[in-house]
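Use these hints to put chain D onto chain U, whose structure you have.
2 protein chains.
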Amino acid sequence: MKARVHVMLKNGVLDPQGEAVHHALDAMGFEGVNGVRQGKVIELDLADGTTEADVNAMCEKLLANTVIESYTVELY
Amino acid sequence: MKARVHVMLKNGVLDPQGEAVHHALDAMGFEGVNGVRQGKVIELDLADGTTEADVNAMCEKLLANTVIESYTVELY
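Chains as they are written, first to last, in my numbering: chain U, 2 to 77; chain D, 2 to 77.
Extracted from the complex, chain U is given alone in its bound form (with noise of 0.2 Å):
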């Protein structure tokens, strides 16, 4: 069983290397680029029976900064 987080930084909060990215895009000339967010994508390898309350409580206590950053869960 696996479960993919994806921790993004709230929306209102600067994104330093989202903006950098877009800013490289640019200059490399892709044209059409309104806007970059970037975040962290985790993949957890699980033990069967592991529910999503746990992988929740995982982003709560370690994999996300629940002040500034927002997170999902996705188990597959």
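Read the hints as simulated data drawn from the structure, not as lab findings. One or more of the hints may lead you astray.
Any copy, or any two copies together, can satisfy a pair, since identical chains are not distinguished.
[As the list claims (entries may be wrong)] Mimicking DSS-like on lysine-lysine, the simulated pairs with C-alpha atoms at most 27 Å apart in a straight line are:
(1) Lys3 with Lys62
(2) Lys11 with Lys41
(3) Lys41 with Lys62
(4) Lys41 with Lys3
For chain D alone, coordinates are given in the frame of chain U:
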């Protein structure tokens, strides 16, 4: 129109960030975690008419280091 790009280290490439997260989860008492891989997710806000081929070109030239990283593009 938006695109989400996942950039992950290829299998076989050592992932120290993922290892650090794995050890931290173990130390915090989370059981049943067999493996952790950490990557990047880049959300692009694109002008209408941008094609998947354009996004693939951005990945090849800037967003991913294709020697050690693989990427997937998802338009939505």
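(request) State whether the alpha carbon distance between Lys41 and Lys62 is at most 27 Å within one copy, between copies, both, or neither. (result) both (16 Å within a copy, 20 Å between copies)
(request) At 27 Å max between alpha carbons, let me know whether Lys11 reaches Lys41 within a copy, between copies, both or neither. (result) Close inside one copy (13 Å) and across copies (16 Å); limit 27 Å.
(request) State whether the alpha carbon distance between Lys3 and Lys62 is at most 27 Å within one copy, between copies, both, or neither. (result) within (19 Å within a copy, 30 Å between copies)
(request) Since the copies are identical, ignore which copy is meant and state whether Lys41 and Lys3 lie within 27 Å (CA to CA) inside a copy, between copies, both or neither. (result) both (16 Å within a copy, 17 Å between copies)
In terms of the numbered hints stated before, the structure departs from none.
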